[in-house]
Amino acid sequence: MAQVVRQSTLAPRMSWGAVLAGCTFALVTYLTLSVLGTAIGASTIDPLREANPSAGWAPVRVSGWR
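Residue numbers (UniProt numbering): 1 to 66.
Hints are computed from structural coordinates only; laboratory data are not their basis. Bear in mind that the values here come from a model prediction, so they are computed numbers and not experimental data. One or more hints might be untrue.
[Said to hold, decoys possible] FRET-style restraints, in silico, Cβ to Cβ:
#: 1; residue 1: Arg49; residue 2: Ser15; range: 53 to 61 Å
#: 2; residue 1: Gln7; residue 2: Leu36; range: 47 to 55 Å
#: 3; residue 1: Leu31; residue 2: Gln3; range: 54 to 62 Å
#: 4; residue 1: Cys23; residue 2: Ala51; range: 40 to 48 Å
#: 5; residue 1: Phe25; residue 2: Ile45; range: 30 to 38 Å
#: 6; residue 1: Ser15; residue 2: Thr38; range: 32 to 40 Å
#: 7; residue 1: Leu31; residue 2: Val4; range: 52 to 60 Å
Positions of the beta carbon are idealized from the N, C-alpha and C atoms, including for glycine.
With the hints as extra help, turn the sequences into a complete structure.
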């Protein structure tokens with residue numbers, strides 16, 4: 001009687017290419033939204049028209065610390 005030898009090669013359960021692509025996409029999205037948020041925040045301040053342009057931001061800053 002012949003012996004049956006099973007060779008099982010497990011397929012990779014995780015694709016490192018997909019992990020790398022997901023990390024890259026997340027990083028690019030994070031940087032894009034950070035730059036967009038910074039641009040929107042910077043555009044709300046007009047230092048040429050106001051004596052103290054950041055005075056109106058005090059309630060926003062305080063609420064951010066709670």
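Q. Which of the numbered hints above does this structure break?
A. none
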